[in-house]
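Top to bottom, those sequences are chains W and S.
Under the numbering used here, the letters of the first sequence match residues 1 to 332, in that order.
Under the numbering used here, the letters of the second sequence match residues 1 to 548, in that order.
In short, the hints are calculated from the structure, not lab data.
Everything numeric in this text was worked out from a predicted model, so none of it was measured.
Check each hint, because a few of them may be wrong.
Short, incomplete list of chain W residues facing chain S, as computed with Cβ under 8 Å [to be verified]:
(1) Leu50
(2) Leu77
(3) His87
(4) Gly91
(5) Val210
(6) Glu213
(7) Pro216
(8) Tyr220
Here are some chain S residues the structure puts well away from chain W; computed CB gaps all over 10 Å [unchecked claim]:
(9) Leu16
(10) Phe59
(11) Val85
(12) Ile110
(13) Ile141
(14) Ala180
(15) Leu309
(16) Tyr326
(17) Ser378
(18) Leu383
(19) Leu384
(20) Gly452
(21) Ser454
(22) Leu466
(23) Arg497
Ideal Cβ placement from N, Cα and C applies to all residues, glycine included.
The lines below spell out each chain.
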Amino acid sequence: MLLVERVTVEILGTAILSDVDIEVQDGEVLAVLGPSGSGKTTLLRTIAGLQPPTRGTLRWDGEDLARVPVENRGFGLMFQDYALFPHQSIGANVAFGLRMQRRPVAEIDARVSEVLDWVGLPAYADRRITNLSGGEQQRVALARALAPAPRLLMLDEPLGSLDRILRERLIVELRQLLVDHSITAVYVTHDQEEAFTIADRLLVLRDGTVAQEGTPESVYRQPVDEWTARFLGFRNIVRADVTEGTARTSWGSFPTQHERPGSFTLVIPPDAIELDPNGAVRGIVDSRVFRGGHHVLGVSVTGETILDVEIVGPPPEIGAEIKLRVTNAVVL
Amino acid sequence: MTTLSRKRRAAWTGGLARILVVAIPLGFLAAAFLYPLGSILLTGLSGEAGGLAPFGEVFGRASLRGVAWFTLWQAIASTILTVVVAMPAAYVFARYDFPGRSLLRAAVTIPFVLPTLVVGSAFLALLGPRGALGIDLSSTIWAILLAHVFYNYAVVVRTVGGLWAHLDPRLTEAARVLGAGRWRAFRTVTLPLLRPAIAAASSIIFLFTFTSFGVILVLGNLEFRTVEVEIWRQTMSFLNLPVAAALSVLQLAAVSLILLTYSRYQQRRAVEQRLAPATARKPQTAREWWTVGGTLTFTALFLGTPLLLLVERSLQVGEGWSTTAYTSLADASDSSLFVPATEAIANSIGFGIVAMMIALVVGILAATVIAYRQGPVSQWFDLLLMLPLGTSAVTIGFGFLVAFDSPVDLRTSPFLIPLAHSLIAIPFVVRTVVPVMQAIRRRLREAARVLGASPFRAWREIDLPLIARSGLVAAGFAFAISLGEFGATAFLVRPERPTMPIAIFRLLGRPGDLNFGRAMALSTILMVLTAASIMVIERFRLGETGEF
């Protein structure tokens with residue numbers, strides 16, 4: 001179990017991480033989600049031992065890691081740009097960590113082909129790493145990180161530079177691989193969908209501090225504040241006065257499951273707004289974007305606020321006056 | 001053995017290694033470079049007239065002031081001319097892939113490592129009184145300038161072309177899309193991006209031509225004299241050591257100033273660069289094929305003609321074609337060299353190997369300091385190691401001669417020649433290895449650490465193999481440089497142990513068709529050996545990094 005306690009990292013006087021607390025259980029996949037510059041990479045480098053923390057402690061199964069150098073931590077790190085060794089074959093890259101452990105040659109060979117098999121690159125061992133495609137490099141880097149069976153595997157935006165289709169396929173494969181081999185992992189990304197797909201537990205990082213933590217479902221269902229909600233992709237956010245299961249906003253009134261009366265910020269999930277001739281919200285269609293499976297309408301309500309609405313059926317024209325019904329709203 | 005004591009020993013070894021890495025190059029430079037230079041300075045200051053009299057003489061005599069002026073302006077003219085003439089070839093080799101590219105690239109480098117004496121002779125054969133072109137340009141500045149361009153062509157192709165190959169072609173394309181014409185895009189985007197490489201190439205060419213010796217000696221007929229030739233003349237003809245020493249000191253001061261300016265400029269260039277994939281592609285349009293074809297034809301004619309003329313002259317002894325010149329090289333009886341010329345070949349190869357090894361050890365250690373140390377240590381080291389590059393070979397030879405006679409007379413030691421050669425080769429080794437060291441991304445080392453490698457192990461597994469390749473490249477250069485070195489060797493050589501360039505020089509000084517043919521034959525063999533070591537370089541080059 002990894003325990004990060006009140007870790008602060010300052011680089012050239014600037015705090016990159018401030019008082020970060022993290023716990024990763026054995027066999028758990030923790031996704032760290034944050035925009036660029038939020039300190040994700042620094043967090044991984046600190047855990048790996050490449051960046052000493054300014055304050056705070058890191059523990060593995062209770063042991064303080066402060067005096068354990070990088071090479072003795074037994075962690076794996078897959079770099080964002082893969083950092084494959086250009087002068088070595090694929091097999092030699094993957095075998096590197098095993099050689100550092102002085103394993104017998106036969107065992108190394110067996111493990112290398114086993115791991116290359118896992119990542120879908122069997123019989124690639126003798127090839128050079130130059131001229132590999134992005135996806136193949138990603139797999140080799142993953143195999144290299146996996147081969148020494150690290151007690152903790154860290155992945156730094158591993159799918160960042162790949163195209164969308166490949167990314168969507170690989171993230172599912174990766175999740176399967178981590179689960180199948182009960183690998184303890186920290187997965188860093190700026191992409192919400194990636195984080196939701198891979199994670200057992202999710203941690204949102206904002207400006208070097210932990211903004212929110214929980215299962216992907218709970219974080220999605222109940223973002224902790226407006227910034228987190230916007231970062232998770234919610235676009236319809238409004239101030240509201242709540243009384244007796246009804247939320248009154250500048251857009252109109254609609255039901256909410258929230259019991260406590262008062263003034264709150266509301267988040268309306270995209271699937272909780274629909275066209276309805278009897279809807280309480282009136283608006284004018286300002287813009288219309290076709291997104292393949294659905295249309296996204298920009299609707300202005302009371303002349304100012306823009307509401308994003310996803311429409312699956314035939315969409316109204318721009319300029320049309322429409323009525324909307326809000327079926328659910330999350331109170332922050 | 002416990003882990004603890006092993007660790008302690010490792011830390012101790014690490015500390016010692018760290019000291020040696022700095023101490024060995026420093027010690028070497030102090031003994032083989034600074035000490036001889038100091039001796040020259042002392043000689044200059046302690047002439048019969050005493051004090052600063054020799055310096056006064058240098059400034060006072062109009063002929064010596066003329067020498068200084070000529071040295072300066074011919075170097076500037078040669079530099080500008082070389083950059084302009086060689087730029088198209090730098091472009092073609094950087095941007096286009098065509099059949100025989102790597103072979104041609106290697107071939108272009110051959111003139112650069114040829115002995116200057118051979119270059120001089122080749123141009124004499126081309127532009128001399130009985131030259132192949134039928135126009136006599138010898139004893140004109142044009143023969144000298146052309147020979148300098150010929151000699152330094154490769155510096156531009158390799159240095160400028162090396163960077164050009166890594167410039168993202170999309171930058172120019174972006175400029176074109178934004179409405180810049182071909183020339184405009186070149187001038188506003190490509191040229192500024194190439195500026196560091198052009199500055200590097202220019203400063204190297206300037207230094208080489210500023211200290212030009214063999215070419216001027218053969219083509220200038222002593223009517224045109226650089227400071228370098230004048231030092232040699234004052235020493236060998238007039239035995240005026242104080243004036244020679246004063247000239248050496250002044251030349252060194254000028255060169256140091258140039259190097260200082262250059263190093264200041266280079267500091268602004270220090271960026272961690274990725275080994276970008278080479279951008280060369282096949283020419284596609286007719287226009288591109290013409291560009292490539294035209295440039296290559298010009299390059300082949302310009303660089304090939306003097307070289308082919310050498311071979312042709314070596315095969316034409318007396319009437320018609322014959323190999324007499326070659327077969328007679330092993331002939332001792334009729335030799336004007338005291339020993340058979342074949343022994344000169346063996347001597348050269350032997351000296352070359354020793355010089356190469358010294359240069360590699362010292363050069364790689366020095367490169368490590370420059371590449372990994374931050375701040376003033378690295379900068380001063382860089383500057384100090386560039387100094388031998390700017391110090392003329394003649395000064396180095398002269399310095400050895402003055403320095404190593406007492407308390408122990410080492411001047412007869414055969415070790416002095418490879419020592420002088422290695423001193424000249426070290427800057428090349430450093431310039432070849434440092435960019436590769438700096439280009440190794442820190443991430444790779446970190447990846448190795450995370451996978452369980454100790455800092456030393458990470459260096460051995462990652463840095464060393466990558467550096468080893470550039471080390472081989474450097475070794476090839478060092479060997480080739482030693483093979484062709486003439487200026488310093490001329491001071492240090494023993495009559496019974498000539499090197500190939502010395503043998504060629506002696507043969508050229510003898511009358512007779514056969515001796516001329518043998519000089520040409522020996523030049524041809526030297527050229528082939530040089531070419532072979534350059535071909536080895538090309539095989540091991542990783543990407544197109546390095547400055548030479």
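Verdict on Ser454/S as a residue remote from chain W, using beta-carbon distances over 10 Å: 6 Å, violated
Leu16/S non-interfacial with respect to chain W [C-beta, more than 10 Å]: It holds; Leu16/S is separated from chain W by about 21 Å at its closest Cβ, greater than 10 Å.
Claimed clearance of chain W by Arg497/S, with the beta carbon kept past 10 Å: Holds: least Cβ distance 41 Å, greater than 10 Å.
Leu309/S and chain W, when compared Cβ to Cβ, separated by more than 10 Å: 42 Å, holds
Val85/S and chain W, when compared Cβ to Cβ, separated by more than 10 Å: 35 Å, holds
Agreement of hint Leu77/W with chain S interface, Cβ distance less than 8 Å: Since the shortest Cβ distance to chain S is 4 Å, the answer is holds.
Hint check, Val210/W versus chain S [nearest Cβ-Cβ separation less than 8 Å]: Violated: closest Cβ of chain S sits about 24 Å from Val210/W, beyond 8 Å.
Given as non-interface: Ser378/S, which should sit over 10 Å from chain W by C-beta: 21 Å, holds
Residue hint Glu213/W, partner chain S, criterion CB-CB below 8 Å: Hint violated; Glu213/W Cβ to chain S Cβ min 25 Å, cut 8 Å.
Ile141/S non-interfacial with respect to chain W [C-beta, more than 10 Å]: 48 Å, holds
Separation of Leu384/S from chain W, once the least beta-carbon distance is taken, above 10 Å: Correct as stated: the minimum Cβ-Cβ distance to chain W is 31 Å, above 10 Å.
Interface-negative label, Tyr326/S against chain W, beta-carbon threshold 10 Å: 42 Å, holds
In this structure, the earlier hints numbered 4, 5, 6, 7, 8, 20, 21 and 22 are contradicted, and the remaining ones agree with it.
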